[in-house]
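There are 2 protein chains.
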Amino acid sequence: MAEDFIVTPYQVSGDIDYDELVKRFGTKKIDSNLLKRISKHGEIHSMLRRQIVYSHRDLEWILNEYDKGNKFVLYTGRGPSGPVHLGHLMPWVFTKYLQDVFDVKLYFQMTDDEKFMFYDKLTMEDTKKWGYENALDVIAMGFKKGKTKIFLDTELIKTMYPIAIRAAKKINFSTVKAVFGFDNSNNIGSIFFTSMQSVPAFLESEFEGKNVPCLIPCGIDQDPHFRITRDIAEGLGYYKPALIHAKLMPSLGGSGKMSSSKADTTIWTTDSAKTIKKKIGDAFTGGAVSVEEQRKSGGDPDVCSVFQYDQYFFLPDDKALQELKHKCKTGAILCGECKQALADRVITFIEHHQERREKAKDSIEDFMLRD
Amino acid sequence: MAEDFIVTPYQVSGDIDYDELVKRFGTKKIDSNLLKRISKHGEIHSMLRRQIVYSHRDLEWILNEYDKGNKFVLYTGRGPSGPVHLGHLMPWVFTKYLQDVFDVKLYFQMTDDEKFMFYDKLTMEDTKKWGYENALDVIAMGFKKGKTKIFLDTELIKTMYPIAIRAAKKINFSTVKAVFGFDNSNNIGSIFFTSMQSVPAFLESEFEGKNVPCLIPCGIDQDPHFRITRDIAEGLGYYKPALIHAKLMPSLGGSGKMSSSKADTTIWTTDSAKTIKKKIGDAFTGGAVSVEEQRKSGGDPDVCSVFQYDQYFFLPDDKALQELKHKCKTGAILCGECKQALADRVITFIEHHQERREKAKDSIEDFMLRD
Numbered sequence: 004m005a006e007d008f009i010v011t012p013y014q015v016s017g018d019i020d021y022d023e024l025v026k027r028f029g030t031k032k033i034d035s036n037l038l039k040r041i042s043k044h045g046e047i048h049s050m051l052r053r054q055i056v057y058s059h060r061d062l063e064w065i066l067n068e069y070d071k072g073n074k075f076v077l078y079t080g081r082g083p084s085g086p087v088h089l090g091h092l093m094p095w096v097f098t099k100y101l102q103d104v105f106d107v108k109l110y111f112q113m114t115d116d117e118k119f120m121f122y123d124k125l126t127m128e129d130t131k132k133w134g135y136e137n138a139l140d141v142i143a144m145g146f147k148k149g150k151t152k153i154f155l156d157t158e159l160i161k162t163m164y165p166i167a168i169r170a171a172k173k174i175n176f177s178t179v180k181a182v183f184g185f186d187n188s189n190n191i192g193s194i195f196f197t198s199m200q201s202v203p204a205f206l207e208s209e210f211e212g213k214n215v216p217c218l219i220p221c222g223i224d225q226d227p228h229f230r231i232t233r234d235i236a237e238g239l240g241y242y243k244p245a246l247i248h249a250k251l252m253p254s255l256g257g258s259g260k261m262s263s264s265k266a267d268t269t270i271w272t273t274d275s276a277k278t279i280k281k282k283i284g285d286a287f288t289g290g291a292v293s294v295e296e297q298r299k300s301g302g303d304p305d306v307c308s309v310f311q312y313d314q315y316f317f318l319p320d321d322k323a324l325q326e327l328k329h330k331c332k333t334g335a336i337l338c339g340e341c342k343q344a345l346a347d348r349v350i351t352f353i354e355h356h357q358e359r360r361e362k363a364k365d366s367i368e369d370f371m372l373r374d
Numbered sequence: 004m005a006e007d008f009i010v011t012p013y014q015v016s017g018d019i020d021y022d023e024l025v026k027r028f029g030t031k032k033i034d035s036n037l038l039k040r041i042s043k044h045g046e047i048h049s050m051l052r053r054q055i056v057y058s059h060r061d062l063e064w065i066l067n068e069y070d071k072g073n074k075f076v077l078y079t080g081r082g083p084s085g086p087v088h089l090g091h092l093m094p095w096v097f098t099k100y101l102q103d104v105f106d107v108k109l110y111f112q113m114t115d116d117e118k119f120m121f122y123d124k125l126t127m128e129d130t131k132k133w134g135y136e137n138a139l140d141v142i143a144m145g146f147k148k149g150k151t152k153i154f155l156d157t158e159l160i161k162t163m164y165p166i167a168i169r170a171a172k173k174i175n176f177s178t179v180k181a182v183f184g185f186d187n188s189n190n191i192g193s194i195f196f197t198s199m200q201s202v203p204a205f206l207e208s209e210f211e212g213k214n215v216p217c218l219i220p221c222g223i224d225q226d227p228h229f230r231i232t233r234d235i236a237e238g239l240g241y242y243k244p245a246l247i248h249a250k251l252m253p254s255l256g257g258s259g260k261m262s263s264s265k266a267d268t269t270i271w272t273t274d275s276a277k278t279i280k281k282k283i284g285d286a287f288t289g290g291a292v293s294v295e296e297q298r299k300s301g302g303d304p305d306v307c308s309v310f311q312y313d314q315y316f317f318l319p320d321d322k323a324l325q326e327l328k329h330k331c332k333t334g335a336i337l338c339g340e341c342k343q344a345l346a347d348r349v350i351t352f353i354e355h356h357q358e359r360r361e362k363a364k365d366s367i368e369d370f371m372l373r374d
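If you're matching them up, the sequences are chains A and B in order. In case it helps, this note's numbering puts the first sequence at residues 4 to 374. In case it helps, this note's numbering puts the second sequence at residues 4 to 374.
In case anyone wonders, no lab produced these hints; they're calculated from the structure. Check each hint, because a few of them may be wrong.
Given that identical chains are not distinguished, each listed pair holds provided it fits within a single copy or across any two copies.
[Claimed, not checked] Calculated cross-link-like contacts (lysine to aspartate or glutamate; reagent style EDC-like; alpha-carbon spacing at most 16 Å): (1) Lys173 to Asp123; (2) Lys161 to Asp321; (3) Lys265 to Asp61; (4) Lys147 to Asp103; (5) Lys281 to Asp20; (6) Lys243 to Asp369; (7) Lys161 to Asp374; (8) Lys281 to Glu340; (9) Lys280 to Asp20; (10) Lys150 to Asp347.
Extracted from the complex, chain A is given alone in its bound form (with noise of 0.2 Å):
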């Protein structure tokens, strides 16, 4: 049943049909065409090759502005609510791929007017704290300094404000409604945010007096607010933002995907060695019953979360993920000793992230951009 699943902003369940979603949302999926374009710039990254990174709106029109000189600058962001986790990560590895292939400016949102607002438990100073937290994960990617400014809603409303309000002025409570599945208990804050969310696809705009070109990376699941972005930048008189979606990270248990509320199945960057090969030990696998049975029948990588996890960040090589699905298949490897390897691999960029985000401590007011 692919109506069985809901993807939103707020609320992600159900397994999601991908290729459903391009349709219900009206987007594109990236084909071989624009991959050869992008090929030209730089080479094709392995989330692109293995459709993680799937589907586009306007990513033709960047691209023809791009080659015309006229360069784009990246807007993603990130709701400061805790600790961020590989889920997170994902999309920022793939940010960092487009600012170094196209070498572009970056605008990193950090919402925490939003996630005050939508969290009863979460308070301004929480979110707050967060966003200067989560800041350290986004440094520790290696987003080019000088090129690459973080803010937070809250540190940056002088500028925001005037034209949140503008892009206000052309929402209304029904389109708010239809699109997130709003209703008469949502706070007047929730209803106002998704506002918010569209101001900084114009910010390079209204900072350099001219029109520029934005490309928004980021998980489908935000493409509802960009959908209303772009409905209303022309009315404003501002480019509609061009988006490139990735599909969101599995869980660790099997089916949905990684989550902040589900701690079992979700890795944190924050996470000790011991922790993740914990967790992946318990991960959900596509093993036979016995390992006699494995021997003799194989696995089944495709509902395997383990090999979810090699296809969308870890083994990028796409000869060695072959040569795993196939030893998968045939039983030449078990499961054990495949959650062996990837944790290794996770433990090795985790313990890497980590510090890179202890000296991002040292750099980050080179990043941070406040009125």
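Starting from the known structure of chain A, fit chain B onto it as the hints suggest.
Positioned in the frame of chain A, the structure of chain B alone reads:
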């Protein structure tokens, strides 16, 4: 039919039954006991004596705190959508009286964001311009320099936004639907706005780092905003603001309130003597059908807009007002003479106001608050 009128910040229609409004809104009438308490601090203002300022919320509490040495701050404001008329000025006259009698600070809010979001044709530049134009009218009233802070929402947003979203988190769409009559077609900025209108009630507490009582003098049509403010105040850790409500300045047309949308029956602070004379000359009165008839049976001051003007604003001397009333009722004065006398008073007031408004241009920076 007492139910035949509507009073909200966004709609005033029908003939207002002010006693009924007190019941509908759940406010209290200002009684002789309260007047006696105010009289300890200064002369009772004609608007209080005549029950033009007639209703309140928690005024006893404000006076109790004041008597204990705990001074309140005043908060009032203006939606800067165009020039100021006498209907706007009336509560400011009363606000100045309160500032003088109690020697207290005033926060004066210019809701440039609100007017932009509620009026299709107004741009941000328009409402900002009117914010500064109207600030000159405020300063011309003679508010105390150093104790009066005037601000545009968009220019104090860094301070206001964090408080506004704390307020917004506690207000849902059901509430603004019920209180303001909003529906799905309202834009999401207008839905959010009431949280910005709450903020100035808490500003002094924020600046002082301790709770400071706040008294809001305003037209009773603005009470719905502050019902919401009062509902959420304690949950945010602040005192509920107290209110003191004025009736709405009547139109020169004989029914309804003075309104920017009815230019011919509204006197602006920028009107020339000639224009004022013409508008008052054309005003609806309680005069009889002919001079002979009026000399014989007298006029009806209770339905006369000229008499209302004297009563609300321009003849603060009770004895003079009673004499005028008597003369009218006995046919000793005709409408022409009465209009001429009012026009003289209004012209004197406006010319004096215009002079002070011109001088205000030199001191505006002493009054403006920005962050």
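Against the structure, the hints come out as follows:
1. Lys173 to Asp123: The answer is between: 10 Å across copies meets 16 Å, while 28 Å in one copy does not.
2. Lys161 to Asp321: neither (47 Å within a copy, 49 Å between copies)
3. Lys265 to Asp61: Neither, since 34 Å and 49 Å both go past 16 Å.
4. Lys147 to Asp103: Classified as within; 8 Å inside a copy, 58 Å across copies.
5. Lys281 to Asp20: Classified as neither: same-chain Cα gap 30 Å, cross-chain 72 Å, threshold 16 Å.
6. Lys243 to Asp369: Answer is neither; intra-copy 29 Å and inter-copy 42 Å both fail.
7. Lys161 to Asp374: both (6 Å within a copy, 9 Å between copies)
8. Lys281 to Glu340: within (14 Å within a copy, 95 Å between copies)
9. Lys280 to Asp20: neither (30 Å within a copy, 74 Å between copies)
10. Lys150 to Asp347: Neither. Shortest intra-copy (33 Å) and inter-copy (66 Å) distances fail the 16 Å Cα cut-off.
Consistency note: the structure conflicts with the earlier hints numbered 2, 3, 5, 6, 9, 10.
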